[in-house]
Amino acid sequence: MLILLLALVVSSCFPSFKSEDEVMEYLKEKFPNQDIVLSSSRTTKRGLTNDIRIWTFTLSGYPKDTFRVACYISSYPFPMMKTRKGIITDFDKVVTLRCAKEFEQGPLKQLDAATQRIWRPFPVRDFSLGAATLALETMDDIWRAKRLIEAFELYLSKENNLKENQYYLRMYLQGECYKLEYGKRSPGAESDQDEKDDPNETKRPYMRYHYYYYHDKLEELCIDMCNELIKYHQRMADEGNGVNDKTFQLWAENQLRLKAQWQETTNEEERDSLYKRLVIATKSIHYDLIDLGEKPYMLVVCADSAYRETGRGLYFTLPQLRTFCLRSGLKPEGKGDHFKVKGIDGSWYEFSTLFYEEKKDAVGFDEDTFYYLRNGRRINIKNFWTPDECLHESLIQQITGRNIRNMVVHSLKE
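The opening residue of the sequence shown carries number 408 in the working numbering; numbering runs sequentially from there.
Quick caveat, the hints were computed from the structure, so don't treat them as lab data. Be careful, since some hints might not be right.
Claimed, not checked - Only pairs whose alpha carbons sit at most 27 Å apart, straight line, appear in this in silico DSS-like list of lysine-lysine:
{"hint": "1", "residue 1": "Lys586", "residue 2": "Lys500"}
{"hint": "2", "residue 1": "Lys766", "residue 2": "Lys747"}
{"hint": "3", "residue 1": "Lys738", "residue 2": "Lys653"}
{"hint": "4", "residue 1": "Lys586", "residue 2": "Lys425"}
{"hint": "5", "residue 1": "Lys789", "residue 2": "Lys749"}
{"hint": "6", "residue 1": "Lys425", "residue 2": "Lys570"}
{"hint": "7", "residue 1": "Lys789", "residue 2": "Lys747"}
{"hint": "8", "residue 1": "Lys500", "residue 2": "Lys553"}
{"hint": "9", "residue 1": "Lys452", "residue 2": "Lys435"}
{"hint": "10", "residue 1": "Lys471", "residue 2": "Lys500"}
{"hint": "11", "residue 1": "Lys767", "residue 2": "Lys738"}
{"hint": "12", "residue 1": "Lys508", "residue 2": "Lys565"}
{"hint": "13", "residue 1": "Lys702", "residue 2": "Lys820"}
{"hint": "14", "residue 1": "Lys586", "residue 2": "Lys789"}
{"hint": "15", "residue 1": "Lys820", "residue 2": "Lys653"}
{"hint": "16", "residue 1": "Lys702", "residue 2": "Lys767"}
{"hint": "17", "residue 1": "Lys508", "residue 2": "Lys437"}
{"hint": "18", "residue 1": "Lys452", "residue 2": "Lys500"}
{"hint": "19", "residue 1": "Lys702", "residue 2": "Lys683"}
{"hint": "20", "residue 1": "Lys508", "residue 2": "Lys570"}
{"hint": "21", "residue 1": "Lys500", "residue 2": "Lys683"}
{"hint": "22", "residue 1": "Lys492", "residue 2": "Lys425"}
{"hint": "23", "residue 1": "Lys702", "residue 2": "Lys638"}
{"hint": "24", "residue 1": "Lys471", "residue 2": "Lys435"}
{"hint": "25", "residue 1": "Lys624", "residue 2": "Lys638"}
{"hint": "26", "residue 1": "Lys508", "residue 2": "Lys452"}
{"hint": "27", "residue 1": "Lys452", "residue 2": "Lys425"}
{"hint": "28", "residue 1": "Lys516", "residue 2": "Lys565"}
{"hint": "29", "residue 1": "Lys437", "residue 2": "Lys500"}
{"hint": "30", "residue 1": "Lys492", "residue 2": "Lys435"}
{"hint": "31", "residue 1": "Lys516", "residue 2": "Lys471"}
{"hint": "32", "residue 1": "Lys508", "residue 2": "Lys492"}
Stated by the list, open to error - The following label-pair restraints were derived from C-beta to C-beta distances:
{"hint": "33", "residue 1": "Asp698", "residue 2": "Asp547", "range": "19 to 29 Å"}
{"hint": "34", "residue 1": "Asn810", "residue 2": "Arg781", "range": "39 to 49 Å"}
{"hint": "35", "residue 1": "Ser680", "residue 2": "Asp519", "range": "21 to 31 Å"}
{"hint": "36", "residue 1": "Ser467", "residue 2": "Glu583", "range": "58 to 68 Å"}
{"hint": "37", "residue 1": "Asp547", "residue 2": "Ser680", "range": "16 to 26 Å"}
{"hint": "38", "residue 1": "Lys508", "residue 2": "Leu657", "range": "32 to 42 Å"}
{"hint": "39", "residue 1": "Arg719", "residue 2": "Leu569", "range": "48 to 58 Å"}
{"hint": "40", "residue 1": "Glu509", "residue 2": "Ile788", "range": "54 to 64 Å"}
From a predicted model like this one, the values you see are computed outputs, not experimental measurements. The C-beta atom is built at its ideal place from N, Cα and C for all residues, glycine as well.
Using the sequences provided together with the hints, build the complete structure.
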């Protein structure tokens, strides 16, 4: 019995690979109408959870390339119980890397310098490629990335049987980049440490979009990224990444045009297309543009959802309130994440991201506490919408005397 048990353990640890004939049959099925030459030599590697046996091979239709094919055995879910078998090749990796090199030496050089600047190679893995991370800096770069991806994919289309590639559109965010959500980055931003880009910067907020497979959705993704970039800088009430007073106002007026088209058209397909591009559409949670009497407009959250009955109305972030006070003739003291201002009622109001208290072990933020100081006395905010979009229009009116609701822009003023 002991000998039998030992034999079972040994056989599970060292199961047999697929034969060379089986590998050849796999290649013939995967690459029909190709003359295939499979090397007689092979390499074998064994590990605790994975065993792999690798051959090289060539295809008559790809004289520039040499590929690898591997038979693998892996364990799942328990180590040493190797029951999963399969065959893989690095065909997509090899052809894509070769085409990328050709693209860099030819078609890429025909593009303008600003577009060339954002190109990045695909990270190489053992039998595959990772997502190429295109390095964007401005809103215009988003559209350059679109043209760049389309140009490379068009060049790549001359090859057959290739999987579609993956891309990251990543933009490090400029400006103040306040941590509005109790020490966390504002929605739309992430942070990491990228020593290759800037060894002196430890945590840099960035925006990243993943483009994977859906080539017909690339324009939609770029529109969404532009909208999120605008919203981010509006929450921060700052400029950066090509977003300034002029570009924001152009974007805002275009949103009003799109909204008018969306309201007028009866074609459902066209309405759906327009709706996806709208930030100021009449959704239960959307954004409204407000007119302070001079351009540019401001973009603030409008919440009208039954999900949270206490959170309805127009909401500002702390930096937006500071900017609104400045543009209303008040004189706030401090920066966007901690400032005080004397309201029209003669009271001093103080706001800070430090005044947010997160309830431990609670799910979500409904039980969190956020407060401000009025003449030094703490006053809890009972109906904030989110931890960063937290200042209700009624409080803004109390401080500035301005009725925010009457400032909402409903249509384009030609």
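Checklist entry - Which hint numbers doesn't this structure obey? => result Structure breaks hints 1, 4, 11, 16, 21, 26, 32 and 34.
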